[in-house]
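Heads up: the protein sequence lines correspond to chains S and F, in order. For the first sequence, the numbering used here gives the first residue as 63, with consecutive numbering after it. For the second sequence, the numbering used here gives the first residue as 63, with consecutive numbering after it.
These aren't lab readings, by the way, just hints derived from the structure by calculation. Be a bit skeptical, because a hint or two may be false.
Note that identical chains are pooled: a pair holds if it fits in a single copy or bridges any two copies.
[Claimed, not checked] Mimicking EDC-like on lysine to aspartate or glutamate, the simulated pairs with C-alpha atoms at most 20 Å apart in a straight line are:
# : residue 1 : residue 2
1 : K253      : E366
2 : K148      : E391
3 : K339      : E71
4 : K162      : E477
5 : K271      : E250
6 : K327      : E71
Number of protein chains: 2
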Amino acid sequence: MQELITKGESAKQASRKLALATTEEKNYALEVMAEELIINAGEIISANLFDVENAIKNGMMQSLVDRLMINKDRIDAMAQGLLQIKSLPDPIGDIIESWKRPNELVIDQQRVPIGVIGIIYESRPNVTVDAVGLCIKTGNSVILKGGSEALSSNKAIIKVLVEAIEKTNLPEGCIQLIEDTNREITMEMMKLNKYIDVLIPRGGAGLIKAVVQNATIPIIETGVGNCHVFVDRYADFDMAERIIINAKTSRPGVCNAMETLLVDKQIAENFLPKVLKSLVEKGVEIRGCEKTRAIFSQAKPVTEQDYYAEFLDLIIAVKVVEDINDAMEHINRYGTKHSEAIITADISHAGKFQNEVDAAAVYVNASTRFTDGFEFGFGAEIGISTQKLHARGPMGLKELTSTKYIISGNGQIRE
Amino acid sequence: MQELITKGESAKQASRKLALATTEEKNYALEVMAEELIINAGEIISANLFDVENAIKNGMMQSLVDRLMINKDRIDAMAQGLLQIKSLPDPIGDIIESWKRPNELVIDQQRVPIGVIGIIYESRPNVTVDAVGLCIKTGNSVILKGGSEALSSNKAIIKVLVEAIEKTNLPEGCIQLIEDTNREITMEMMKLNKYIDVLIPRGGAGLIKAVVQNATIPIIETGVGNCHVFVDRYADFDMAERIIINAKTSRPGVCNAMETLLVDKQIAENFLPKVLKSLVEKGVEIRGCEKTRAIFSQAKPVTEQDYYAEFLDLIIAVKVVEDINDAMEHINRYGTKHSEAIITADISHAGKFQNEVDAAAVYVNASTRFTDGFEFGFGAEIGISTQKLHARGPMGLKELTSTKYIISGNGQIRE
Chain S
63 MQELITKGES AKQASRKLAL ATTEEKNYAL EVMAEELIIN AGEIISANLF
113 DVENAIKNGM MQSLVDRLMI NKDRIDAMAQ GLLQIKSLPD PIGDIIESWK
163 RPNELVIDQQ RVPIGVIGII YESRPNVTVD AVGLCIKTGN SVILKGGSEA
213 LSSNKAIIKV LVEAIEKTNL PEGCIQLIED TNREITMEMM KLNKYIDVLI
263 PRGGAGLIKA VVQNATIPII ETGVGNCHVF VDRYADFDMA ERIIINAKTS
313 RPGVCNAMET LLVDKQIAEN FLPKVLKSLV EKGVEIRGCE KTRAIFSQAK
363 PVTEQDYYAE FLDLIIAVKV VEDINDAMEH INRYGTKHSE AIITADISHA
413 GKFQNEVDAA AVYVNASTRF TDGFEFGFGA EIGISTQKLH ARGPMGLKEL
463 TSTKYIISGN GQIRE
Chain F
63 MQELITKGES AKQASRKLAL ATTEEKNYAL EVMAEELIIN AGEIISANLF
113 DVENAIKNGM MQSLVDRLMI NKDRIDAMAQ GLLQIKSLPD PIGDIIESWK
163 RPNELVIDQQ RVPIGVIGII YESRPNVTVD AVGLCIKTGN SVILKGGSEA
213 LSSNKAIIKV LVEAIEKTNL PEGCIQLIED TNREITMEMM KLNKYIDVLI
263 PRGGAGLIKA VVQNATIPII ETGVGNCHVF VDRYADFDMA ERIIINAKTS
313 RPGVCNAMET LLVDKQIAEN FLPKVLKSLV EKGVEIRGCE KTRAIFSQAK
363 PVTEQDYYAE FLDLIIAVKV VEDINDAMEH INRYGTKHSE AIITADISHA
413 GKFQNEVDAA AVYVNASTRF TDGFEFGFGA EIGISTQKLH ARGPMGLKEL
463 TSTKYIISGN GQIRE
């Protein structure tokens, strides 16, 4: 707890100076951090080795060990990421709107840093570098709380980044890593309103839920995606198949991957056999409704639970629906309002779907996999917001900012 | 609890239809609601009489009884408020940004309703009408939880508004009033994530704090304003006095009123006597630092607690500071980041103050009292946000909206 308060206070104080840093100063810091990562790669890799050996000893799944592992290439990629952030325009200081009132008061709405951003994550150590880079670019102090399985790696990375900051004009204290691995600390951090302005959880559904339930700090909820592709009766079959294969199999473990396929009953018999066969060939397990199973006997029976599931795996639920309305009804009931797609050549169905489906990203004739800060052209991504306040969908630099009103008068008083 | 779930479910269902309502349909509903308020004024006034008599019986302060009371004029004002909201542009459906990616995907960011907005308030019954009008205009269902002392009035008002909605195309269920006055219900409402998308508390510091501490729904924190006016060494004395009198005395009970006056020591002796005398003549109690008391002996001694206080009354704390940096240091330590003003003729001091002070509204040479949706020209106000997420400062219609990304492709898949 004392660690939290000390580091919180330090981050808060630093945030006041950091908010006033120039773009040049921030960009220089990003450059130095990138250089220092490369220079100190050996140190980071050996610290990571400790985590990796521990993970293997503790029986961590090979795929997770792979994600945890840091090598020279991955450090190069982290450094490149910082230089990429450096190259992006600085949103701080932008005047978003400006107007003059009848009483001659001039009101400017200016983009400013949020202050102190807390990030609780359980992802790979590269998130550490990424989050620091995005926060520094937007003039925010950052307090990181990573998973205990990556603590040694994260400590080594943060040590390098903090030492890099010391070589610049940016204030000491703007980068903080909570090292106490006690679970209670995470709970306390969620209630640290005095020092943290916004909390962003990055990780699985369990982590997100814990933060939603317990945080008193404003949060940005990220992540859970039970995404659907609906193949309308007016779909181009080849296009639909291409998109389905991409949405389901290109990276099944991510939040913008498709989990359930919905098909209009008018085309189900003609459309499903070929696409489901292709999916099976890609190693996908099919769980179908009764109509699907009548058409494609290899499909296992689907359960209601499957419709709610974010499989994050090579499993797909398939349902034959009455029409577009039935499809939207299903999406509304089971979806998580992340990314939803319709495949159709009919302009009125396309418009209806985009208008009526309530989700962060609604696609016509494209893969749900595009819901991503880089694919949207933001040049960065801090996560994908699934809430409706502040940010919705992929978040880039702008989503790490707040605004303030600057009002200039010549003696105006209110009547 | 059952009431919450039933009404929450009903509001959520209605919100899906309401989100698709046209501007004409929503404006027509606002018009009918305004008419019905006038037609049913007698019913509302007699329901209000019940609350007023109870309040008097329970020994409520006269000023609060006045706020509670509804008469014909106040109903006219409520109806006028709805027509004013009707006249505002509908933000829903606006395309905020639109761009094409190198792969030809077209991305539109569109303004959409939030869904269901919960409002917990303890203010006058006119807030009931106001909140309903703003939510309907922005296509949001609304769930209201008012104070028990106004329950009879709120029930009568909501009955009229719900019956008005029934005469239109808007979906039944989009306006809900929680009638259970059990305190537990308010706590449960703060955790109703399944049905409420955003919660806005409107009321005193105690209510706001309870919501921040207990809500699991995303909230917009409103209200607490410990606002400062700093008179710089380069201030025009007459302008400063005019602004101080306005900021302190024009309506001391509101959040944008000034609570502490800071004066540069170089001008304190010349400036303070006249302005403090004027304040005293207006009935203001002066609580000054030692330097202030040496200049103006009528001042009582100020305490550290006074510097933190939102008096909401004819009381002012006065402190002589070293310079602009000392003033900003004080504002940073004791302020609530609501509205802060500098009075100065020096352009570099003006710029420094606007740049370095972290608050929702930062004024140069104008009264803090302008922090208000109407004064900003928004034509409406749902409250003043003092948080940094989503909205900061006065909130109009736009702040009751979210966005979604609409992506149009021709078969794009992600590499």
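Hints, one by one, checked against the model:
1. In the homo-oligomer, the alpha carbons of K253 and E366 never lie at most 20 Å apart, since the shortest distance is 36 Å inside one protomer and 26 Å across protomers.
2. With identical chains, the CA atoms of K148 and E391 are never at most 20 Å apart, being 44 Å at best within one copy and 31 Å at best between copies.
3. For the homomeric pair K339 and E71, neither the shortest alpha-carbon distance inside one copy (58 Å) nor that between copies (41 Å) is at most 20 Å.
4. In this assembly of identical chains, K162 and E477 lie within 20 Å of each other by CA distance solely inside one copy; the values are 18 Å within and 48 Å between copies.
5. Within a single copy, K271 and E250 get their C-alpha atoms as close as 16 Å, and across copies as close as 17 Å, so both meet the 20 Å cut-off.
6. Neither within a single protomer nor between protomers do K327 and E71 lie at most 20 Å apart by alpha-carbon distance, with minima of 60 Å and 30 Å respectively.
Hints 1, 2, 3, 6 from the earlier list are contradicted by this structure; the remaining hints agree with it.
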